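Engineer: Got chain A sorted already, so can you dock chains B, C and D onto it with the hints?
Protein chains: 4
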Amino acid sequence: MKQAIAKLGYVALQSSNVEASLHFFQDVIGLELTEQIGDTYYLRAWGDFQHHTLSIAPGEAGRVTHIGFRTKRREDVALFADQLGGKGYEIEHIAAWTTPGIGEAIRFTAPSGHRLELYYDIEKPVVEESRRSVLKNQTYKSYNKGASPRRLDHVNIHTDADSSVTYKFFTEELGFRINECVETEEGDILAGWMSVTPLVHDVALVSHEKLETTARFHHISYWQDNSGDLLRAADICKEHGLQIIGPGKHSISQAIYLYVIDPGSGCRVELFTGGYLIFEPDWETVVWRPEERAFGNTYWGDSITGNPLIVPTIDATGIKETKAVPALEV
Amino acid sequence: MKQAIAKLGYVALQSSNVEASLHFFQDVIGLELTEQIGDTYYLRAWGDFQHHTLSIAPGEAGRVTHIGFRTKRREDVALFADQLGGKGYEIEHIAAWTTPGIGEAIRFTAPSGHRLELYYDIEKPVVEESRRSVLKNQTYKSYNKGASPRRLDHVNIHTDADSSVTYKFFTEELGFRINECVETEEGDILAGWMSVTPLVHDVALVSHEKLETTARFHHISYWQDNSGDLLRAADICKEHGLQIIGPGKHSISQAIYLYVIDPGSGCRVELFTGGYLIFEPDWETVVWRPEERAFGNTYWGDSITGNPLIVPTIDATGIKETKAVPALEV
Amino acid sequence: MKQAIAKLGYVALQSSNVEASLHFFQDVIGLELTEQIGDTYYLRAWGDFQHHTLSIAPGEAGRVTHIGFRTKRREDVALFADQLGGKGYEIEHIAAWTTPGIGEAIRFTAPSGHRLELYYDIEKPVVEESRRSVLKNQTYKSYNKGASPRRLDHVNIHTDADSSVTYKFFTEELGFRINECVETEEGDILAGWMSVTPLVHDVALVSHEKLETTARFHHISYWQDNSGDLLRAADICKEHGLQIIGPGKHSISQAIYLYVIDPGSGCRVELFTGGYLIFEPDWETVVWRPEERAFGNTYWGDSITGNPLIVPTIDATGIKETKAVPALEV
Amino acid sequence: MKQAIAKLGYVALQSSNVEASLHFFQDVIGLELTEQIGDTYYLRAWGDFQHHTLSIAPGEAGRVTHIGFRTKRREDVALFADQLGGKGYEIEHIAAWTTPGIGEAIRFTAPSGHRLELYYDIEKPVVEESRRSVLKNQTYKSYNKGASPRRLDHVNIHTDADSSVTYKFFTEELGFRINECVETEEGDILAGWMSVTPLVHDVALVSHEKLETTARFHHISYWQDNSGDLLRAADICKEHGLQIIGPGKHSISQAIYLYVIDPGSGCRVELFTGGYLIFEPDWETVVWRPEERAFGNTYWGDSITGNPLIVPTIDATGIKETKAVPALEV
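For the record, the sequence lines run as chains A, B, C and D. If you read the first sequence in the UniProt record's numbering, its first letter stands for residue 1, the second for the next number, and so on. If you read the second sequence in the UniProt record's numbering, its first letter stands for residue 1, the second for the next number, and so on. If you read the third sequence in the UniProt record's numbering, its first letter stands for residue 1, the second for the next number, and so on. If you read the fourth sequence in the UniProt record's numbering, its first letter stands for residue 1, the second for the next number, and so on.
In isolation and in its complexed conformation, chain A is listed as follows (with noise of 0.2 Å):
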């Protein structure tokens, strides 16, 4: 297979409260605007270098309706078309720039039901100078506003589809590897770390026995290049009324972890800081066992299991209500 993936690209998100997911992502997170087109919003963090990492668009509920990867060549986005499309995977072609700053792309389902896009041509747009960082190998000025994390890093989907299928999908057809995994003695994969990069996973896939729809989308996690961002972050989120999960450290990855939710549209984030890079070419699975489990998923800190996150509601006037979320069960 010559065509490859290079990067996880952006999540495409919906919001039933558009005002509230800006707020939260550009004033607690610390995104930048790279721009507004209709009533769509484009966002990135001060280190990412593609037009954005996330759209915010307005919706009946908060959904994600895809996740875009871009890839190593500009040819591979046909030939994975090709590759796929032969394999009976129903191809979308997207015309170049229906997406602000995306080129032409193509979408299509992955097993799990999760939308997938592939791209390869990008804008590359210039920073107004009063935003514009002083060095020229950073996009935007660091630590202006909120949590202020670095770049994007990864994200975390669950399915209660055949999980084993999806993998497969993943690793034979796009040419993800599995770095990490929670495997039974059978042999299935109940939940697994997948990169093209040497990040320990640009892809979480967890499988379980039911959901309330088939394809969940988890969370999106932005990097931080400190531990003592992520605890300056937990402040941050806590004056903001927001509740939390965290600081915590997974085993699995090593990486310290915060989560917290966009009241607007209920999108988990994860900032996240540590963990290893995988520089060698015949890495071998590290594999943890169900009964490893909760270790894997929590070294130390704020446990992850069984930790039900309560969802603010915040209008123009502030935080009205409340609504229970399901637990992180990853």
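Hints are computed from structural coordinates only; laboratory data are not their basis. All of these numbers come straight from a predicted model, not from anything done at the bench. Among the hints, a few may not be true.
Any copy will do: because identical chains look the same in the list, a pair fits if it lies in one copy or spans two.
Here are the simulated BS3-like cross-link-like pairs (lysine-lysine), alpha carbons at most 27 Å apart as the crow flies [said to hold, decoys possible]:
#1 Lys136 / Lys168
#2 Lys124 / Lys136
#3 Lys168 / Lys87
#4 Lys72 / Lys87
#5 Lys168 / Lys210
#6 Lys72 / Lys136
#7 Lys168 / Lys2
#8 Lys72 / Lys2
#9 Lys168 / Lys72
#10 Lys124 / Lys72
Structural biologist: This is chains B, C and D only, laid out in the frame that chain A set:
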């Protein structure tokens, strides 16, 4: 009242497994050994100025025999003896240097049942060159081993005796100020954070309906300069096979915490950073209601409420077995 | 001497460009505005408890008009007036609330030429809900903007008058203790770090052979909780086009520092963390010899010796020109 | 070109004082000893996955004998041998396991004069339980001693040969990408930061008009997870009597740095954190002009330009004498 206490001085600990306690306090926590006299070990942090802030003596069971405080002036020791003796407290006189490094002292029992000591004179032993800091205002080289906290911070003690009598004793007889407290509408103080210094607490006292013994020593707390030091300490504790509670942040005191138990004595240790200092002479006690207590205990992070710690037992060949210890009720 | 000073209170600054100073202190340093009265602005850090710790008034040139200290008791203000007046110091009486938030006060000139103020009564204005911390023991929401230090720490002042007279004034008349100093073999103190609190210094006084004016205000210092906060502040300053000195670590005080200049007034600001507290009542001054001064100033990092800062001039359209300011001689 | 390099592998160092070098790399830097074979020591960081990332062998003078890189596939070693041999580079074949932990390898000399090695096979020795991490995805217990970096990051090498030939060699023959560079208007590259991974550099090459030897090894760099770890490392180095440069932040690479010299070999070590990763497949080299070089080198902090390091000489009884070494010209 002319006489006054200057600071918390040291904790005298007994351990049923001194070897394990020494390993824990030296290699995991990273205290320095001032000296060994007979079968007792005298330790302090790299930034502590007096002879020791923790002594470890062999005993049938882990327990704290007394807590020492330094007075502001030499004559204050006798003045406190007169004052407390005059009110019927039995005063034990300890000859100078009976406790290595500690001059003439008095001991008495607080209404809570805790044994307290007051002294003024201290020895300031010269540190051998290989361990001495290159800084003339610092005792030992910093960050030599383990978590490596800077200095003793406070103690936390529990009682099931009438705590109002003990709060009165600490404030009226010993000159402490209650900086924060958990108090019922009826004025019963359930927990009080008290100090003679600008620290939010040199001593915290927590009242219980029923304890196994009237006077319980809950934890000794050492200060670290940065929150990152606590996260590193979490890694160190886990790598030594020790369970921890935390990291988390108290609302009360605003400090960031990590708890771990000495496997030799069962003594709980808190690593501690952040928080605020009180320089206002007219500080008004910050009052938390019982229903705010959980929030007061844990602003964010791993909760100290209802979180049991398991104490590993260590012998020369490593961790052998574990026993459960009660949850942190504070 | 019964009367005593409790703490450093505030610095009254004049700026020739109040707009630039406000931008600097609010957006770069991250202080909060308590209130504006007339053309004067009153600011404080998110963890400061009194009405303000910095005031900015318009003036022909940047300068500090006086430095305020809070006494331990209300009656101490009058007692200090009597004591100092009796020794020939001219006492100016300031009616209560002439300075917003500050009660009845006295002002006088130290032998070094610096104008000092003593007061006891303070207003503690209630913060509006949108800016108030969710923590009842904290004034404002933390980490809202800029470097976001916790609280005022100390001031550093310079003189070319006979400094021994001023050290005597601070210690004998005002009750300060010299915790560390640079002293010649002959006993001349070249620089002294003095406090009435357990901080290593509330005031540092540095003597010079010749200054442009006898009494110079060198810097106001705000405290940050973690060294990581200072590194983030360095990024923030640079992104705002401001020159910095540091980060570095002083041997004297053991504190980590970052210096930056308010482009509006030319006032130097230090962000500060680490360091030690002095609880020992018999602390012996740590004496550094002149030949140890460079090491005393900079333990590691960007040296404060002979390091000139360039002050950018900012107007509404951005940074316009720069002028050189003298090196930090401390 | 099918064959490819996966990663920087290890540095083979000779030391004229192996005992001092071992003390430095184990106790100050905090590397772990994989094994000793004969009089050569094999070390790595707690998060390194291959047998060793640094070897220390006795020699008449401190020097680096070669730098090893791991290929992506086993067959790539032979393919590179053919390719380079075909272009006239003399290929030395090293039998498998001649270097402990390293399989069949080839060595050749880059146009800059540096001796490079390529290999694929590696041994992954099992770590004894007392030093093994409790995490199955981590090699050794972390934060056991000294600065305790996570992993090898990059090397920095200097040459006074025609550097354009060497840049061409690295990019065209070895597959590196120049991510950032200092380049004259005429297109002469004065310094280039090159990688085969998403790191900004696996190798930096700096050109000089004249060096004492054509090929100079400037520094080996190890990664730490947090900026706070570097400040702690600064304290540790100073307490060991070692001079440091930094902490500071490069504009080029955006990374935070600390430099210290191994007193045994004179080898410079960089501790390194922060910085960015490059996942974009069409990354355009960030070009700095010579007049931007000082800013490119030091964004803030202790400057690496014109800052001489003094190398202490250590023998068994402590630091004996010092000799000056050239400034860091990078």
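Engineer: Regarding lysine 168 and lysine 87, is the shortest C-alpha distance of 27 Å or less found within a copy, between copies, in both, or in neither?
Structural biologist: Classified as within: same-chain Cα gap 13 Å, cross-chain 42 Å, threshold 27 Å.
Engineer: State whether the alpha carbon distance between lysine 72 and lysine 136 is at most 27 Å within one copy, between copies, both, or neither.
Structural biologist: So lysine 72 and lysine 136 pass the 27 Å test inside one copy only (24 Å; across, 32 Å).
Engineer: With identical chains treated as interchangeable, where does the CA-CA distance between lysine 168 and lysine 210 reach 27 Å or less: within a copy, between copies, both, or neither?
Structural biologist: Classified as within; 20 Å inside a copy, 56 Å across copies.
Engineer: Could you place lysine 124 and lysine 72 in one of the four classes (within, between, both, neither) given a Cα distance threshold of 27 Å?
Structural biologist: within (17 Å within a copy, 31 Å between copies)
Engineer: Is it within, between, both or neither when you check lysine 168 against lysine 72 at 27 Å Cα-Cα?
Structural biologist: both (21 Å within a copy, 23 Å between copies)
Engineer: Checking lysine 72 and lysine 2: alpha-carbon separation at most 27 Å within a copy, between copies, both or neither?
Structural biologist: both (10 Å within a copy, 16 Å between copies)
Engineer: Tell me, please, which holds for lysine 124 and lysine 136 at an alpha-carbon limit of 27 Å: within, between, both or neither?
Structural biologist: Cα proximity of lysine 124 and lysine 136: one copy only (13 Å, versus 40 Å across).
Engineer: How would you classify lysine 136 and lysine 168 at a CA-CA limit of 27 Å: within, between, both, or neither?
Structural biologist: Between copies only: 25 Å across chains, 41 Å inside a chain, cut-off 27 Å.
Engineer: Treating 27 Å as the Cα threshold, decide for lysine 72 and lysine 87: within, between, both or neither.
Structural biologist: within (22 Å within a copy, 29 Å between copies)
Engineer: Under a CA distance limit of 27 Å, which applies to lysine 168 and lysine 2: within one copy, between copies, both, or neither?
Structural biologist: Classified as both; 18 Å inside a copy, 26 Å across copies.
The structure meets every hint from the earlier list without exception.
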